[in-house]
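Protein sequences, first through last, are from chains W and V.
Residue 107 in the working numbering sits at position 107 of the first sequence; the count goes up by one each step and never skips.
So the working numbering is basically just the index in the second sequence, starting at one, shifted up by 1000.
No wet-lab data here; the hints were simulated from the structure.
One or more hints might be untrue.
Some chain W residues judged to face chain V by a derived CB distance under 8 Å, without partners named [stated by the list, open to error]: (1) ASN30; (2) THR47; (3) GLY50; (4) PRO53; (5) GLN54; (6) PHE60; (7) ASN76; (8) VAL80.
Using N, Cα and C, we set each Cβ at its ideal position, and we do this for glycine too.
Here is what each chain is made of, one letter per residue.
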Amino acid sequence: MKIVFTSKGTEWVSAIDPRFGRTDYFFVYNKDSDEISTVDNRAIVETAHGAGPQTAQKLFELKPDVLITGNGPGGNAARVLAQGNIKIYVGASEMTVKEAYEAYQKGELKEF
Amino acid sequence: MKIAIASGKGGTGKTTLSTNLAVYLAEKESVVLTDLDVEEPNSGLFINGELTHHENKYKMVPQWKSDSCTLCGNCREVCNFHAIVQLVDQIMVFPQLCHSCYACSELCPTDSLPMVPEKMGELREFQADKLTFIESKLDVGQEQAVPLIAQTLRYVDENYSEVMLKIYDSPPGTSCPVIEATKDADLVILITEPTPFGLHDLKLAVETMQELKKRFVVIINRYGIGNDDVVDYCDGENIPIIVKIPNSKAIAERYSRGELLYLVVPEFRAELDKLIGFIDTLNRETEQ
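Here chain W stands alone, though its shape is the one from the complex (with noise of 0.2 Å):
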């Protein structure tokens, strides 16, 4: 099982980032193999319209089953992640990387 959340950072203690679009990073956790990698996601900054879409497609791309951010996908991005099987957990704005993988574990993110 892959999970991914939208970080500001490269660690399990950096802060998630509560923009889908527009995340400086995707934090990449393979649950099977204990694996984490980061994909850079920060040159969106250079892109003035189409960030939602864009990023989906990249997120979509590395074909996870779980994605976990602060507020949750706008509405084209959404439209995009809607077609995969990816489950979507928001409301870890305030939260690291770590601490909203254990709350996900605990059932304690909303479903988007």
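Got chain W; can you put chain V on it based on the hints?
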């Protein structure tokens, strides 16, 4: 002569100036006033005219044909506006993000993205004696102002080439819609207020107009509030301030009732006369 009335900061008096100037000038000669702030046009609040024309405006967007598509991904790669997303078994088009550049459609090897019209807004035309008033309004959910502004400008050019005086009420800011709205103007009037916010955004607007190599002048609205920084800045940059509209409660009251100011506020009319004098001088220069 095409006069665009713009500002950096919003709410500094673009519409007040546009409508009063247009109606005042139309007492004597034919004038076309066009509201190009298509995201929220409001000149119409001050113009009492008869609706003479109404048309829907469309932009061309690609429509995906699943039966012939080979999912090669070319369309997504060539789209500079992220309007196309490629998923495992489908192409998704986001019409709001599309700039109608046709790249995806033209470069598709199997012609699976034909361009089709999508309604983006509406244009209305009103007549009030010598004044023609045109306004366009984007539909809710549309994100691109530029295509509608461009089509509105074309409508004015095609239908009113014989009218000498054209006034364009521009959108606020300094981004693409403003550039589209001012790019054909012979004169750009930047209206601002003498506050730090007004000055900050005026500087951005000035830089934009310099980049576009436009002839521009400044009008200060609500003169008397704030400080002298706008005046000092314009003096330092050799930018002419042709009119200073005083800050006045009478003006605010009349405006809030949707009334035209020049008819009832003499000091406003006096400032408008100065502006009209300036426009006359420019016109004579051009004729020579």
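Results of checking the hints against the structure:
A distance limit of 8 Å between C-beta atoms decides the matter here; for ASN30 of chain W the minimum to chain V is near 20 Å, and the interface restraint is violated. Restraint check, THR47 of chain W versus chain V: the minimum CB separation of about 7 Å is within 8 Å; hint holds. The interface hint given for GLY50 of chain W is met, as the beta carbon of that residue sits about 3 Å from the closest beta carbon of chain V, less than 8 Å. Given the 8 Å rule on beta carbons, the hint for PRO53 of chain W holds: about 5 Å separates it from the nearest Cβ of chain V.
Given hint, GLN54 of chain W at the interface with chain V, holds; its Cβ is 4 Å from that chain's nearest Cβ, closer than 8 Å. Below 8 Å, beta-carbon pairs count as interface contacts, and PHE60 of chain W has one with chain V at about 6 Å; its hint therefore holds. The interface hint given for ASN76 of chain W is met, as the beta carbon of that residue sits about 6 Å from the closest beta carbon of chain V, less than 8 Å. Residue-level restraint check for VAL80 of chain W holds (minimum Cβ-Cβ distance to chain V is 5 Å; threshold 8 Å).
Violated hint for the displayed structure: number 1, the only one.
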